[in-house]
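> One-letter residues, chain by chain:
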Amino acid sequence: MAELISAVGFGVVTAAILAISAVGFTLQFSVTNVFNLAYGSVMTISGFVAYWLNSSGLDIWLAMAVAALAGGVLSVAINEVIYEPFIRHGVNLFGMVIITISVGLICDHALQAIVGPSFFSYNAPAGKALHFADLVLTRQELAIIAIALVVTSLVQVALQFTRLGRAMRGVSVNPSLARACGVPTRQVIALAWFLSGVLAGIGGVALFLDISTFTATTGSEFLIVIIAAAVLGGIGSPRGAVLGALVVGIVTEVGAAYWNAELKDVLAFSVLILVLLVRPQGLFAQLAIERAVAR
Amino acid sequence: MSAATQYYLATILVYIAVNAIAAWGLDLQFGVTGVLNFAFVLFQAAGAYVAAMLSLGPSSADGGFQRYLIGVHLPFPLPILGAMLFGGVLSGLIGLITLRRLRSDYQAMVMLVVSVVATVVVESVISLANGSAGLSLIPNPADGLNGLTRQAQTWVFVAICAVCTLIVGILMYALLYSPYGRVLRGTRENEAAIEAMGRNATAARMQVFVLGGALGALSGALLAEFIGAWAPSDWLYPETFVFFTAVIVGGRGSVLGVAVGSALVCVGVQQAVQYLPIGSDPTVLASLEWIITGLLTMLFLWARPQGLLPERRRRFTETATQPAEGSPGAGGGTG
Numbered sequence: 051m052a053e054l055i056s057a058v059g060f061g062v063v064t065a066a067i068l069a070i071s072a073v074g075f076t077l078q079f080s081v082t083n084v085f086n087l088a089y090g091s092v093m094t095i096s097g098f099v100a101y102w103l104n105s106s107g108l109d110i111w112l113a114m115a116v117a118a119l120a121g122g123v124l125s126v127a128i129n130e131v132i133y134e135p136f137i138r139h140g141v142n143l144f145g146m147v148i149i150t151i152s153v154g155l156i157c158d159h160a161l162q163a164i165v166g167p168s169f170f171s172y173n174a175p176a177g178k179a180l181h182f183a184d185l186v187l188t189r190q191e192l193a194i195i196a197i198a199l200v201v202t203s204l205v206q207v208a209l210q211f212t213r214l215g216r217a218m219r220g221v222s223v224n225p226s227l228a229r230a231c232g233v234p235t236r237q238v239i240a241l242a243w244f245l246s247g248v249l250a251g252i253g254g255v256a257l258f259l260d261i262s263t264f265t266a267t268t269g270s271e272f273l274i275v276i277i278a279a280a281v282l283g284g285i286g287s288p289r290g291a292v293l294g295a296l297v298v299g300i301v302t303e304v305g306a307a308y309w310n311a312e313l314k315d316v317l318a319f320s321v322l323i324l325v326l327l328v329r330p331q332g333l334f335a336q337l338a339i340e341r342a343v344a345r
Numbered sequence: 006m007s008a009a010t011q012y013y014l015a016t017i018l019v020y021i022a023v024n025a026i027a028a029w030g031l032d033l034q035f036g037v038t039g040v041l042n043f044a045f046v047l048f049q050a051a052g053a054y055v056a057a058m059l060s061l062g063p064s065s066a067d068g069g070f071q072r073y074l075i076g077v078h079l080p081f082p083l084p085i086l087g088a089m090l091f092g093g094v095l096s097g098l099i100g101l102i103t104l105r106r107l108r109s110d111y112q113a114m115v116m117l118v119v120s121v122v123a124t125v126v127v128e129s130v131i132s133l134a135n136g137s138a139g140l141s142l143i144p145n146p147a148d149g150l151n152g153l154t155r156q157a158q159t160w161v162f163v164a165i166c167a168v169c170t171l172i173v174g175i176l177m178y179a180l181l182y183s184p185y186g187r188v189l190r191g192t193r194e195n196e197a198a199i200e201a202m203g204r205n206a207t208a209a210r211m212q213v214f215v216l217g218g219a220l221g222a223l224s225g226a227l228l229a230e231f232i233g234a235w236a237p238s239d240w241l242y243p244e245t246f247v248f249f250t251a252v253i254v255g256g257r258g259s260v261l262g263v264a265v266g267s268a269l270v271c272v273g274v275q276q277a278v279q280y281l282p283i284g285s286d287p288t289v290l291a292s293l294e295w296i297i298t299g300l301l302t303m304l305f306l307w308a309r310p311q312g313l314l315p316e317r318r319r320r321f322t323e324t325a326t327q328p329a330e331g332s333p334g335a336g337g338g339t340g
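Sequence lines, in order, name chains A and B. Counting from 51, one number per residue, gives the positions in the first sequence under the numbering used here. Counting from 6, one number per residue, gives the positions in the second sequence under the numbering used here.
Note that these hints are calculated values from the structure, not bench results. No experiment lies behind these values; they were computed from the predicted model shown. We treat Cβ as the ideally placed atom computed from N, Cα and C, and that holds for glycine. Be aware that one or more of the hints could be misleading.
[To be verified] Estimated spans, in silico, between C-beta atoms of each pair:
id, chain 1, residue 1, chain 2, residue 2, range
1, A, GLY140, B, HIS78, 49 to 57 Å
2, A, LEU227, B, PRO282, 40 to 48 Å
3, A, LEU180, B, ALA138, 51 to 59 Å
4, B, TYR178, A, GLY215, 50 to 58 Å
5, B, PRO310, A, ARG236, 18 to 26 Å
6, A, ALA176, B, GLU200, 40 to 48 Å
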C-alpha cells in the first residue's frame, strides 16, 4: 500500500508537469489548428534560459518566471516569422506539421551545437521532504503541483468566462466568422501563441527540475508524452489535456513501480492507443472533424 | 583506384541505393497517397532486425554475446524477403489500428507515438534484439563468395543493391502510371471524388501503407547487411523526417525526383558537411546536418513545393475536361 501511495505521488508530480505543458500545446492547437511539434524545443530553450540565469545566481523560481516570458516571446516570434508567412503562402495543415518539425529540429540542434552534448542541472535544492501519511513529497514537488493547479485553472476560467476566452473559442471554431463579428483574429492568434509559449516555459523548467539532469533534446523527447496526454484527452480541449495528463502521469509512475521502470512510457502509450480505438476523438474532444489552419 | 577509395565509392553507392528504396516507400505513402507516416523509420528498422535474425544463426553463436529472437541462418535472398514480408505484415497491423478509425491529424500523431514506443521496447526488452547495444556481426551475403577478393565482394553487394533499386524503381513507374496509381493520387487530391467513383480510399491507404512498409524493410535489410550492425540509435524517430525531406526536395510523387532527392538529402548533405571548414567536432557536424535538413525542407516548401523534378501532371483532351451540359459543379475541387 505504501508503495502504491508513493507511486501515485510521483505520478501526480509528473501529471502536474504534463498538465502545464499539455494545456499549452492543446490551447494553441485549438485556436490555430497548427500541430506545433517545435513545442518541445520552446520548452528546452526556456529551460536553458532559466539554467543560464540560475547559474549566474538567480533563484530558480524567479528564473522560471523569466523563462516563461522568454518562452512566450520565442513562441510568438516563431509564429510571426515562420509559421504565419507559410500559412499565408498557402501551405496546408500537413505542410505545416512538417514545417514545425523542421523548426523544432533546427532549434534543438542549434542549441546542441552551442551547449554541446553534455548533461546539465539546476542549482536548486529540492527542499525539505514533507510527509502526508505514506506520501512523501519535497517542497519543490509541492510547488510544481501548486503551479500546475493555478495555471491550468486560470486557463480554464479565462477560456470559459472572459471576452478573450470567448474570442479564442470563436476563432477556434470559425476564424472567418469570428473576424466578421469584429474579433481581432490576428491578435487573438498571437496571444494564443504567447500563452502557449509561457506554459511551455513553465513546463520546461518544471520538467528539468523534476528529472534533475537535462540535455538540448530533453524537451523534444518529452513532447511525445505531452502529445499522448493531449490526444488522450481530446486534442484542443484544455480540460481534456489535464485529464489526459493525470491518466498518463499516474499510469506511468504506478507502472514503473510495479512493472518495469524502463517500459513505463510504453504503458501510457498503450493506454492512449486503446482509448483511441474505443473513442477515436479522445476523451473530451468536441469536434471530430478536421479544420483548416486558422489565419 | 586504391582500396580505400573503392570502399568509399561503394559505400556511397550502397547508401544512395538503400535511401532511394526507402524514400520511394515513403513517397508511395506520403507523396502519392497523402498518408503521413511519422513512424516510417520503424519499418526500415524492422527489416534490418529481421534480416539480421534470419542470417545470424542461433544466438548462442560467437559465444552468445548477443541475444535475439529466431536466430537461423538462411541463404540469400531469403533473409531479405523475410524482412520485406515482416515489414509488410507489421505495417498492416499498425495500419489496421491507425488508418481505419482515426482522423488524419490524429493518425500522424499516433504514428509518432508508435515510433517512440517501438524504440523504447527494443531498447528495454534485451531478448528481442539485444537492447540498446544492438546486433552486430550481421553477415553480408557477398562475404561467403569463394575466389573473390574483399573488394570484389563489396562490389558484388553494390550490384545486389543496384538490382534491387532498379526493380523497385521499375515497379514504382509501373504502379504510378497505371489506373491504380490514379486511384492513389485521387485519394490524396480528393477523397470524396474517389469514393464517389466507387473506389475505396481507406483500402488504398492501407495498401500503400503495407507496400511502403515492405520497401522500408527492404532498405533496412540491405543497410544492416552492408554495415553489419544495427542498433536503436540508428532509427530514432527524427530519422523519418530525413526521408520526408528527401521526398519534398525531390518532388512528391515523382519516381526519378525522389531518387535524386534522397541522394541529395540522405547522402549529399552528410558528405557536404564533412568538407565544410568548421572543424571536426562530431556533435557540431551532426547538428549541422539536421539544421541543413530542416532549412532545406522549409526552403523547398516555400519556394518550390513541387520539388526539383515535379510529378508530371497528366493532361486530358478537351472532351474529358469539359463539363457535360447541365452538370453544374463538375471539375470544381475543394481546398
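> Would you mind marking each hint as holding or not holding in the structure?
Results for each hint:
no.	hint	in the structure
1	A:GLY140 with B:HIS78: 49 to 57 Å	54 Å, holds
2	A:LEU227 with B:PRO282: 40 to 48 Å	55 Å, violated
3	A:LEU180 with B:ALA138: 51 to 59 Å	41 Å, violated
4	B:TYR178 with A:GLY215: 50 to 58 Å	54 Å, holds
5	B:PRO310 with A:ARG236: 18 to 26 Å	25 Å, holds
6	A:ALA176 with B:GLU200: 40 to 48 Å	58 Å, violated
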